[in-house]
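K.L.:
One-letter residues, chain by chain:
4 protein chains.
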Amino acid sequence: MLGARGRMGIEVCRAVDQAGDLDLVAMVDQGDWLFNASDAAAQVVVDFTTPDVVMDNLQWCIDQGINVVVGTSGFTDARLEQVKGWLAAKPEVGVVIAPNFGIGAVLMMEFAERAARYFDSVEIIEQHHPKKVDAPSGTALHTARLIEQARKAAGKPAMPDATTDEMPGARGTEVGGVRIHSVRAAGLVAHQEILFGATGETLTIRHDSFDRASFMPGVLLAIREVVKRPGLTLGLAPLL
Amino acid sequence: MLGARGRMGIEVCRAVDQAGDLDLVAMVDQGDWLFNASDAAAQVVVDFTTPDVVMDNLQWCIDQGINVVVGTSGFTDARLEQVKGWLAAKPEVGVVIAPNFGIGAVLMMEFAERAARYFDSVEIIEQHHPKKVDAPSGTALHTARLIEQARKAAGKPAMPDATTDEMPGARGTEVGGVRIHSVRAAGLVAHQEILFGATGETLTIRHDSFDRASFMPGVLLAIREVVKRPGLTLGLAPLL
Amino acid sequence: MLGARGRMGIEVCRAVDQAGDLDLVAMVDQGDWLFNASDAAAQVVVDFTTPDVVMDNLQWCIDQGINVVVGTSGFTDARLEQVKGWLAAKPEVGVVIAPNFGIGAVLMMEFAERAARYFDSVEIIEQHHPKKVDAPSGTALHTARLIEQARKAAGKPAMPDATTDEMPGARGTEVGGVRIHSVRAAGLVAHQEILFGATGETLTIRHDSFDRASFMPGVLLAIREVVKRPGLTLGLAPLL
Amino acid sequence: MLGARGRMGIEVCRAVDQAGDLDLVAMVDQGDWLFNASDAAAQVVVDFTTPDVVMDNLQWCIDQGINVVVGTSGFTDARLEQVKGWLAAKPEVGVVIAPNFGIGAVLMMEFAERAARYFDSVEIIEQHHPKKVDAPSGTALHTARLIEQARKAAGKPAMPDATTDEMPGARGTEVGGVRIHSVRAAGLVAHQEILFGATGETLTIRHDSFDRASFMPGVLLAIREVVKRPGLTLGLAPLL
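Residue numbers (the numbering used here), protein chains in the order written: chain A, 3 to 242; chain B, 3 to 242; chain C, 3 to 242; chain D, 3 to 242.
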């Protein structure tokens, strides 16, 4: 485990420790040696660190032939290309990079992509605690792009919207033609609602995450699957 | 009834007609004479017309000593002062002007005002059909101002919000310190949700209006009450 | 169209009439001759009649070699076997029998089936207008059975529930191990919510239907598809 | 604090400790002496114990002239009469007994009572974690009784409900003419939704409690107020 003393790291260590079929062989954080992982003969490294160190960690693991599950954020297209380059030289190594390990969140995104072609309108409302610094959330951005692609593939026209008199920001921000609204309030944790509308009906898909523990089944699934999947896997969806 | 052939006018005529204690004595629309109303000895005129004719209608009714219930929009402070001026000369006449005749909507606003002082955060999400031209809705703007006043009176500080990295519009528009998010989608009619948050809990008040018929109990209530209330009454709340 | 003067029949006639690629050739209701349909050389018959006449209608259409789309309710396993028997003698004829033609409702059921294996708990809350005579709704029953089968196939254990002190009915009714709660209230039309829960997270799928018009895209889809699908097709899902 | 080692007790001790204007003078649990409280000159005792000991605790506190805030459940009418009897002999002592200390929950109940007379239909859906043993929850029962009284006072007739074909329990349990539906699922904490319906509109009031910490502002409010309110106060509502 890299980032073992972070909030997610502590949860992952606990979850791996409790899983009968997995062994926690090394806990590494800032100031520790990465070689602790290879010395312990780790088969899989889990990385919940920070965007500034995650690329070095990944390069080192791939070099050592260790599979990696990454929950750290900040993966641009350029970074993903870089990872693919490293993996080309080590085709037997598996890497899973996921923006969200909640199985509910992954299903929500899958359903959104599936429903996108059948409805005239779709908007995203994401709701988070007020300490969050970015708006919209990464999950909302990812969902909007999936919907954009699905609508484009189905040849859906732009959504109906007669708004001519808008106060700045009232209609949210637009990503790939999809409006996203970011709510921030005390008491909230992490929630997202996707509203689909057609004549006379709406379909709503909502995910509520109350606790970091909800990500653990997804992390464990990724650990178990990464050893069977050489190359780069993006998101948890292909593992479900 | 003024505006008797409009969509709301038709509903109001039907509702009055079905009410055992009320008589529909005159239906007036564009091209008809207002004197039809006075000739029929109307005690109350209901006006669902348009902003460009409503002031003339009001002046005429007050002059004739007829009570008025107004659902037409576009009442600025200047217009309200004008109405008060006319009423000063006819103190026995009652006028009710309301932005929303849905009893559920009126209760929603009352509850929002009441809850505002007990929660750290509050945001408004209003959802309407995609033919609506203004965002936010008039009801959302009115709700935000009620909340602003209640928080100010209770000495509440600004809401917590750590957002530093916002895509334009993601956090909605701000009215009196309250964020409003306007969703527009096919299948929707008229909906509003007010989310209150404090440590560990949220309180949500939601109003869904599916049908113009939902405004009729409020219109009938105003008709019955306006004859007992000389002077200007704003909104349905004082009648409940 | 059989049942052309019923509430659904009127909507279907209007929708077919407005569809550029379809012709409405015969409108049949109680007291009319079925031969009107064959005389008009109908390629597809749509049946929104009643459980007591639908079987006769179906037998006649299949005999005549006319494809059928059925929205009438009351299809037991025995009835379905009977239809299969008739179709065995006319293998070129297509029959689509669907409990719900709302595309949103069909997607809701598909998603429920897909999500069922990933969550410890799932309950159904269906909400309808107070004139509805049956509780739970047919859609809720169908959803519960899909979830039951998916959980069984995935080897999921019974849901956690420590309730020992229950007032009669508080926990709803149970169908295939899935609890269903039926809400009836003025103002409602037809709504269903499926709540999935696992440690620290919930996933909610909700369908709101405000208008019979929402079923028309599904009926038109079935009309267009039934001519390409000989034999019996159950539900709209295979056509999506 | 009585019940100081229970889950609520631990939270209350922490909250009192952090409040600048309150002192935590004694922590008492099973096996400890109540006299610890009087020896420490406690002005207010907070009781989160169990139904089998709370009456003895109350009698002792009232005898000693110590004000009491009670969050323990199980107060029947007979028990409340008993408490009033003890207080008659000590008119200067204040006792607050509340079924729910969440300010959001208290407002929810107040709003429910207020809205009850304006709608034809109202149903309660409460949702809790699957370790809860009773269904419905105490808060739902209390809400139903408030609604029943408000409807009776307003002369509202029975709610419309055409159900003739009900699977056992589908329509929930009935308390004072109000249907309550109890949902239990992993991932949930404590939630309640009250749905009001009239022709063409619904009003929904929903409270979500994610954390025991949400009850602390209500407990602190009760501690500060009980010293100013001799006699018995039921619920938090009179203190808001």
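Errors might be hidden in some of the hints.
One copy or two, either will do: identical chains are not told apart, so a pair holds if it fits within one copy or between any two.
[Unchecked claim] Here are the simulated DSSO-like cross-link-like pairs (lysine-lysine), alpha carbons at most 27 Å apart as the crow flies: (1) LYS154 with LYS134; (2) LYS230 with LYS86; (3) LYS230 with LYS134; (4) LYS86 with LYS133.
Rather than coming from a laboratory, the hints here were simulated on the basis of the structure. These numbers were taken from a predicted model, which means no experiment stands behind them.
K.L.:
Which numbered hints are broken by the structure, listed smallest first?
P.N.:
Numbers 3 and 4, in rising order.
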